[in-house]
Amino acid sequence: MMRTSASAILLLILLSQCTKDRPDPGDLSSITYQPHAYQVTAPVTFPQMEIPADNPMTEEGIDLGRRLFFDPILSADSTMACASCHLPQSSFTDNLPVSPGIDGINGRRSAMSLLNVGFYNRGLFWDGRSASLEEQALLPVEDQVELHHSWTRVVEDLKRHPDYPEKFREAFGIKNTSEITKELAAKAIAQFERTLISSGNSKFDRVQRQEAFFTDEELNGYIMFFDRGSGFPDAECAHCHNAPLFTTNEYINNGIEDIQDLTDFPDMGRGAITAKTIDNGRFRVPTLRNLAFTAPYMHDGRFKTLDEVLDHYLSGGHNQLNKDALIYPLKLSEEQKSDLKAFILTLTDPDFLTNPAYQNPFD
Amino acid sequence: MKYLSVLLLLGITLLGCNKDPEKGSLTLDFTATYGDEALVLLQSYLTPEGHQIQFSKSDFYISNVYLIAENGDRLDLSPVEFVDLTSVSTSAADAANGFKITFPDIEAGKYTRLGFGIGLDPTVNATQPADYPSSNPLSLESHYWTAWGSYIFSKTEGFLDTLGTGNLDLGFVFHTGMDDLYRQAYVDVPININATATTSIQVNIDHETILFKAGNALDIPASPVNHNPNNLGLITKIIDNLVSALSVQVQ
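Same order as they appear, the protein sequences are chains A and B. Reminder that position 254 of the first sequence reads as 254 in my numbering, one-by-one numbering, no gaps. Reminder that position 10 of the second sequence reads as 10 in my numbering, one-by-one numbering, no gaps.
If you're looking for bench data, these hints aren't it; they were derived computationally from the structure. Wrong hints could be hidden among the right ones.
In the DSS-like style, the derived pairs of lysine-lysine whose C-alpha atoms are separated by at most 25 Å in a straight line are [what the hints assert, rightly or not]:
no.	chain 1	residue 1	chain 2	residue 2
1	B	Lys237	B	Lys213
2	A	Lys276	B	Lys57
3	A	Lys276	B	Lys100
4	A	Lys203	A	Lys341
5	A	Lys203	A	Lys337
6	B	Lys100	B	Lys110
Isolated chain A (complex conformation) (with noise of 0.2 Å):
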């Protein structure tokens, strides 16, 4: 008994002295902290973004969250990153109609576009089920088909990680290895996931600020994608994918499904989330911008071209109780429609892939 005791006082002694001889390795405080505040911009027509109070942007925040962003760490097998779904060259979505994780095994949804979702504040993912990147971040790694992780183990590898402990110290000041968390990464995520914005680029926008025209084929697209009449028929779409973000971020039953019972749809959508049966089937308007690089299209990636996207809108789709009234049979000939096309294709942003800033830093 008296050993015990007496032993261990031996190894407290034995502990503190080893504190005192050699610094903490997990001691950060000898590295600058010194953030520098990033300032978002965007395209003049666009909304303000809001940013959460507890989570600015700063220049060293956004740059951990692009790391983290294209890091494999984050993966059980070392395989996978966000940007293994979410790539650059594809205005950050795979071109899958839905998006196997690092087992192979199929999700059920078609990855989404992050081009200005920092905008996007009624709710993420296809049924709007988070309420923030924040939150939305940590979601993935655990995914079972997505990146089939633990933060535990995630956070661990940060910790030992070479670099990640002095990147984590520039972004947040914290000052030691062992204060990173899952809600840190996250937190740089997001930031990083906010500076995804249009380059104001696009044909559209710049016709906008009147630096160029549309031709006669855009500009009787414009007209009719924005009911504006003089003698075309209205194609309604604007009523879901109002400009400038092309969407309006709400939830719409838009007449894919071939069924007829709200019970019935493959994926209940919005309905899962707020267990009402009249969101059944209904999903988030996403934006028409760049659309020419994320096909296949709609939530379960059903459309493989934006030719089969438009026959839909003008078939008026299949009838539930809930399809929106704005999706009918429209009256477009063969003609508008390709003028409507060629309006879209008006919001294509190349300059939004190239983007440096958006890049792999790895590479």
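Take the given structure of chain A and dock chain B to it, following the hints.
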């Protein structure tokens, strides 16, 4: 010594502040009906013709909400609010509960009038969603119509059985907007604001009146979708009917 007395005086004034008039709050509770029945989305009601009708969306902006106090002073409560009846009309229980907007920090006392604008006044309507942070009701991209250069003041959407066969064969979509359609509404009722309990005013919107007000009914099959300024006659009808559709009850 001099300083001390100044401090004392300050202390007394500060204490005096605590005796400020008491504050209370007011809740406007917007409920939707079709005639006398609670409005539930995608539930069938009967038109005056006896055909089935269902609603899928109903919302509108109110602005410049104010109270008039007994002494005639005007108290501004809010520049703009978005009344989203769609969000509360998904079940009979939610519909009965209504869409509530609460205004806190109102000086306790007696008021004689509640007023608000329906739609947006021309100054506000000259702005755009991009002018507002995304938490502001005026940031709703879904409620701005570029072709009009106007906010959409109200949306009323649904489905109609045009032939009387029980088949809802026609969708209708009525969106109103533009400066000329801004309307002021007020009601003279005694409103007591007190510090102990929230005062509640129920504002009901009868959707049968919006579409089928006697003498001012819409011909839905003749023009089921509007968002065209050329159709000013139609949207004027809707907004005027919307004003008539309001009824108020103080609790």
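Okay, the hints, checked on the actual structure:
In summary, the hint linking B:Lys237 to B:Lys213 is supported, as the alpha carbons are separated by about 9 Å, within the 25 Å threshold. For the hint pairing A:Lys276 with B:Lys57, the CA-to-CA distance comes to about 15 Å; that is within 25 Å, so the pair holds. At most 25 Å may separate the alpha-carbon atoms for a hinted pair to count; A:Lys276 and B:Lys100 meet this at roughly 20 Å. Between A:Lys203 and A:Lys341, the direct Cα distance comes to roughly 14 Å. Compliance with the 25 Å bound is thereby established for this hinted pair.
Distance restraint check for A:Lys203 and A:Lys337: the Cα-Cα separation of roughly 19 Å lies within the 25 Å cut-off, and the hinted pair is therefore satisfied. With a C-alpha separation of about 22 Å, the suggested pairing of B:Lys100 with B:Lys110 holds against the 25 Å cut-off.
Of the numbered hints given earlier, the model fails none.
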